[in-house]
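Asks: Sequence:
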Amino acid sequence: MRYPIGMMLAGAVALGVAACAPAETPVDTGSVEPPAVDVEGEMAAAGDEMMGEMPDEAAQTAAAEAAQAEAEAGVVYVGEDKKGGEISVPAGQILRIELESVPTAGYVWQIAEKPDFLELTGENTRATNPALQSQPGFTGGNHYMSFDLKASAPGTGVVKLTEGRPWESDEPASDTFEVTVTVTAAE
1 MRYPIGMMLA GAVALGVAAC APAETPVDTG SVEPPAVDVE GEMAAAGDEM
51 MGEMPDEAAQ TAAAEAAQAE AEAGVVYVGE DKKGGEISVP AGQILRIELE
101 SVPTAGYVWQ IAEKPDFLEL TGENTRATNP ALQSQPGFTG GNHYMSFDLK
151 ASAPGTGVVK LTEGRPWESD EPASDTFEVT VTVTAAE
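The sequence shown runs contiguously to residue 187 in full-length UniProt numbering.
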């Protein structure tokens with residue numbers, strides 16, 4: 001038996017309207033209460049189990065010092081404290097600019113400008129708090145982003161970095177960092 005498509009559509013619409021109509025007899029759903037949760041007990045215990053014990057300040061300091069001790073010789077470090085300042089680097093050495101960022105939220109530093117006598121030789125990241133951030137289950141957190149620039153010839157110029165989300169090119173930088181670099185002749 002064949003039915004015209006119009007009749008089939010009309011039947012489907014009628015069924016749909018009937019399904020959405022209010023019920024003649026109210027349905028008692030009862031009261032639905034969320035389960036009670038002991039925030040101070042169960043939830044905290046679950047978090048402790050996943051995160052482990054929070055390292056104390058001495059452990060955090062020791063982890064940061066260990067990361068700094070791993071640094072190679074011939075590297076001149078520049079951080080947030082040199083923002084807007086000046087730095088001198090002997091030719092042939094590496095200038096490492098290391099700034100805090102939140103890459104897990106998309107905020108990263110990028111080199112906006114640099115003089116030709118500074119050659120970008122590497123980029124890296126490391127945890128700001130290695131003792132905590134290396135715990136099993138830890139996600140997110142701030143990191144240090146570093147840029148290694150080899151001082152190839154004497155000169156003076158400005159290195160400018162901008163922080164933002166690279167895919168938000170229409171947005172202004174959330175932060176900027178500039179430092180004037182003077183490369184001196186090798187000793």
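Honestly, I wouldn't trust all of these hints.
Under the rule of at most 27 Å between Cα atoms (straight-line distance), these lysine-lysine pairs were calculated in the DSS-like manner [what the hints assert, rightly or not]: (1) Lys82 <-> Lys150; (2) Lys83 <-> Lys150; (3) Lys150 <-> Lys114; (4) Lys150 <-> Lys160; (5) Lys82 <-> Lys160; (6) Lys160 <-> Lys83.
Simulated from the structure, these hints should not be mistaken for laboratory data.
Asks: Quick one, are Lys160 and Lys83 close enough, alpha carbons at most 27 Å?
Replies: Answer holds: Lys160 to Lys83 is near 10 Å, not above 27 Å.
Asks: Has the given pair, Lys82 with Lys150, been kept, meaning a C-alpha gap of at most 27 Å?
Replies: 18 Å, holds
Asks: Against the 27 Å threshold, does the CA-CA distance of Lys82 and Lys160 hold or violate the hint?
Replies: 12 Å, holds
Asks: For the pair we were handed, Lys83 and Lys150, check the Cα-Cα distance against 27 Å.
Replies: 19 Å, holds
Asks: Within a Cα-Cα threshold of 27 Å, do Lys150 and Lys114 meet the stated pairing?
Replies: Distance ~11 Å between Lys150 and Lys114 Cα, so the pair holds.
Asks: Hey, Lys150 versus Lys160, does the alpha-carbon distance stay inside 27 Å?
Replies: Distance of about 16 Å is within 27 Å: holds.
Hint check: no violations occur; every hint is consistent with the structure.
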